[in-house]
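**Student:** If you read the sequences in order, they're chains A and B. In my numbering, each number is its position in the first sequence, counted from 1, plus 1291. In my numbering, each number is its position in the second sequence, counted from 1, plus 3.
Please keep in mind that the hints were generated in silico from the structure rather than gathered at the bench. If you're wondering where the values come from, they're calculated on a predicted model, not measured in any experiment. Ideal placement from N, C-alpha and C gives every residue a C-beta, glycine not left out. A portion of the hints provided could be inaccurate.
Claimed, not checked - Simulated coverage check for chain B against chain A, where a stretch passes if three residues somewhere in it have a Cβ under 8 Å from a Cβ of chain A: (1) 33–42; (2) 72–82; (3) 99–105.
Claimed, not checked - If you anchor each label on the Cβ, the simulated ranges turn out as follows: (4) Ala1409(A) / Thr47(B): 31 to 37 Å; (5) Thr76(B) / Ser1392(A): 43 to 49 Å; (6) Gln1417(A) / Thr30(B): 43 to 49 Å.
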Amino acid sequence: MTIAAFLLLYSLLVIVAGPPLLRRLTRGGQAPRLGVAAWLTAIITVLISWAAAVVALVVQIVSHWDHRQNLVVSCVVQLRNVATGQAGPLPQIVLLSLLTSAAVAAALTGARLARTFASMRCRSHQHAEAVHLVGSRTAAPDVVVLDAAKPAAYCVPGRPPAVVVTSAAMTELDENQLGAVVAHERAHLTGHHPHIVAALRGLAGAFPRIALITQGAEHVSRLLEMCADDAAARRFGRTALLTGLLAMTGAAPVGALGAADVAVLARAQRLTESSANSVLTRRTAALISTVAMMAAGPLLVTALAAAASELLMCGMQ
Amino acid sequence: MRVRGFGELEAVVMDRIWDRDPTISTTVRDVFDQLAAERHIAYTTVMSTMDNLHTKGWLKRERDGKAYQYWATLSREEHTARLMSEALEGGGRPDLVLSHFVEQISREESAGLRAALRRLSRRAERR
């Protein structure tokens, strides 16, 4: 009981305090990989806490089955009596329908998640296969050129995966810029970034009310762009990447900045203004300790809860 | 990079079929004769590749005596247009997750961005 309660409390703490803290730590994108690690650890630690809470509850019920005075066990026994109709038909119906709807909701969420992942995977594999069949091949076997008037580049996971560059982008970009764009997309593929983004989007669809997960999906994809930018800049230089960004945003008349622009601009700004070493070191240290704390969280909480219930037992005896 | 093997052969076969006159259907024998002139390949390999392409919806076929007459379901241009609409506008499929180099930005929106980017890249070049 105590372990499960502590774990749920802990997950609640991460859900409430996590998003503002992580937003602040990852805003500037100084250490994007660590930023991704921090968001992912927070989300995974919450999911693990939930699963562990259920396991802890079941273990306690099973191991204390003979001790009817145990709070959880007596509770379960009570519920069982209600469920078998010993407390009258109305409570029985209410309890059974509550239990059934909880089980159905859990099963539906699980099934929907599995279906979403399967369909995302299938769609992207189909797209990758079609791109390889339709596009013109280049000297690099993973890069495919599609005939299109709009400059664009993207990657799609599949067997094999593909980096797609439109013919318009090929004419817009010089050799170095093209190299940077392709390196950026390859970094996504080798880092399994599309899978991470797809998993988070699926989770965000299943838990639309949990800001940690919905915001996590957004921030992680933003940070992954920066990770890929870093990989491309390391090989082809920041100038090639920046001018590549410029060439790919397309010619246009006057207007204000939209949300997508702000994201691109943030990437560009990050590439031009290298932040001071002291800021980077501080951010890195803060992120590493946050990740470590959250990763150890469920274990610490379990140990703490075990110790607390131990103490409580001693006190009662 | 792993060898594409069968997928590669499918691409070669589609290339041949798309390069032909689209109004005339083709047989496994035609494609095999063309390919065998350039590479060492078995008739049955071409046959099963074209059968695969038919199963996947890339080719249509009709029985004509002992053999099948094959033709492409869509032209290369039609496929390209479909893929681009899928990739750039989502094509009504929210479950396709692609990593774009830059998010697609409407033309009206991107002027301010371009001005800002130009300033930034000039600054980067000066250093």
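**Student:** Work down the list of hints and note, for each, if the structure agrees.
**Tutor:** Structure-based check of each hint:
no. : hint                              : verdict
1   : 33–42                             : violated (count 0)
2   : 72–82                             : holds (count 3)
3   : 99–105                            : holds (count 7)
4   : Ala1409(A) / Thr47(B): 31 to 37 Å : holds (33 Å)
5   : Thr76(B) / Ser1392(A): 43 to 49 Å : holds (46 Å)
6   : Gln1417(A) / Thr30(B): 43 to 49 Å : violated (27 Å)
Violated hints, in rising order: 1, 6; the structure is consistent with all others.
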